[in-house]
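J.: Position chain X against the provided structure of chain U, taking the given hints into account.
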Amino acid sequence: MIDLNGNQVICMVKNYLTNGPITNKTISHLLGKMSEQTDSGGHSIFLGQVRADEINLKKVKAIEYSAYEMMVKAEADKIRELILSDFTDVTSIDIVHSVGIVRAGEISLLVLVSAGHRHQAITACSKAVELIKEKLPVWKKEIFDDDSHEWKQNLQDQTGS
Amino acid sequence: MQVKVLFFGVLAEVTGTNCKHFRDVKTISDLNLRIADDFPEVIHYNFRVSVNNEIINSDMVLNDGDEVALMPPFAGG
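Order-wise, the sequence lines are chains U and X.
Residue 1438 in this note's numbering is what sits at position 59 of the first sequence, and the numbering runs on without skipping anything.
Residue 191 in this note's numbering is what sits at position 68 of the second sequence, and the numbering runs on without skipping anything.
So here's chain X without its partners, still in its complex pose:
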């Protein structure tokens, strides 16, 4: 299985990418570990996580094709 991870705002800048695919991650906590391995700078920033456009507040199981977004605090307007 594979999930797509999107990086926004300052996180896109510090990781140098807007998007990366991760294979064989079963849960958000698995994914967090993989992201921290690939992009250790990310852990220094505050961000919220969404799965398929819905913000999540706890760990959850991921499914093939899910779109996960790492979102720093919003700044619209």
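Okay, chain U solo, but in the shape it has when bound:
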């Protein structure tokens, strides 16, 4: 959802999903909420960005994401519950994933974890990102600069985003 000033409105993040890229305004809104969490001593944020990979002499210009929305909600709820139960110092988790077109250089995944202390904030954020890539029913179609496309899947041992 875009407001009258052309800005993405955070309230339109529904069941963890938002249409198009995750904008600076959405990120700023979430970061702004941190000052209310006076029981937290550390926040860890992961931003996944669309990379302009070059494959067979063609460059990725965008990714089109699609999702099984009901199952995304169920699986993301489970991930949040698992993190909160495994990391007792964690106080909150925010997850936002894009659907639709996200261009190279734009943000398609945000994970923000707050905790009493830095170690659990960082570790839990990393764990949440890995679970999201493994468990969320989301698919991505890489669109190249010549408008051809290719479906991509996550590799378990891949260390990049």
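Hints are computed from structural coordinates only; laboratory data are not their basis.
Values in this document were obtained by computation on a predicted structure and should not be read as measured data.
Just so you know, even glycine gets a beta-carbon here, dropped at the ideal spot from N, CA and C.
There could be a bad hint or two in this list.
According to the in silico footprint, chain U covers these stretches of chain X (three or more CB under 8 Å from chain U) [stated by the list, open to error]:
#, stretch
1, 146-154
2, 191-199
Simulated pairs of lysine-lysine, BS3-like, Cα-Cα distance not exceeding 30 Å [claimed, not checked]:
#, chain 1, residue 1, chain 2, residue 2
3, U, 1531, X, 127
4, U, 1514, X, 143
5, X, 149, U, 1514
6, U, 1437, U, 1452
7, X, 149, U, 1531
8, U, 1393, X, 143
9, X, 149, U, 1512
10, X, 149, U, 1393
11, X, 127, U, 1457
Distance ranges between label pairs, derived from CB positions [unchecked claim]:
#, chain 1, residue 1, chain 2, residue 2, range
12, U, 1449, X, 125, 35 to 41 Å
13, X, 127, U, 1424, 36 to 42 Å
14, U, 1528, X, 182, 30 to 36 Å
15, U, 1513, X, 139, 26 to 32 Å
16, X, 153, U, 1436, 44 to 50 Å
T.: Chain X alone, transformed into the frame defined by chain U:
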């Protein structure tokens, strides 16, 4: 009885649809045969199957109104 089948990712592309209803299918294996009849290209792809948002790993009985999803490997992030 009728079940709703959802196709995602590359499977939506190769079948040309996101959704199709199938009547009178009692089990997942029945449904697989019907899908292979209607969309023979599907058998060339890897995918997992969920019933009502839960991934299944073996055959099971289907009930009227069940939602079955054919899901290629995930690629979020």
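J.: Determine for every hint whether it applies to the structure shown.
T.: Status of each hint after checking the structure:
1. 146-154: violated (count 0)
2. 191-199: holds (count 7)
3. U/1531 with X/127: 26 Å, holds
4. U/1514 with X/143: 25 Å, holds
5. X/149 with U/1514: 28 Å, holds
6. U/1437 with U/1452: Given pair residue 1437 of chain U, residue 1452 of chain U is violated - Cα atoms ~34 Å apart, limit 30 Å.
7. X/149 with U/1531: Violated, at about 33 Å.
8. U/1393 with X/143: Distance ~26 Å between residue 1393 of chain U and residue 143 of chain X Cα, so the pair holds.
9. X/149 with U/1512: 33 Å, violated
10. X/149 with U/1393: Roughly 35 Å separates the two Cα atoms, so the pair is violated.
11. X/127 with U/1457: Within the cut-off at roughly 25 Å; holds.
12. U/1449 with X/125: 35 to 41 Å: Between residue 1449 of chain U and residue 125 of chain X, where Cβ atoms are some 19 Å apart, the hint is violated.
13. X/127 with U/1424: 36 to 42 Å: With a Cβ separation near 38 Å, residue 127 of chain X and residue 1424 of chain U satisfy 36 to 42 Å, so the hint holds.
14. U/1528 with X/182: 30 to 36 Å: 34 Å, holds
15. U/1513 with X/139: 26 to 32 Å: 29 Å, holds
16. X/153 with U/1436: 44 to 50 Å: Since the Cβ atoms of residue 153 of chain X and residue 1436 of chain U sit about 46 Å apart, the hinted range of 44 to 50 Å holds.
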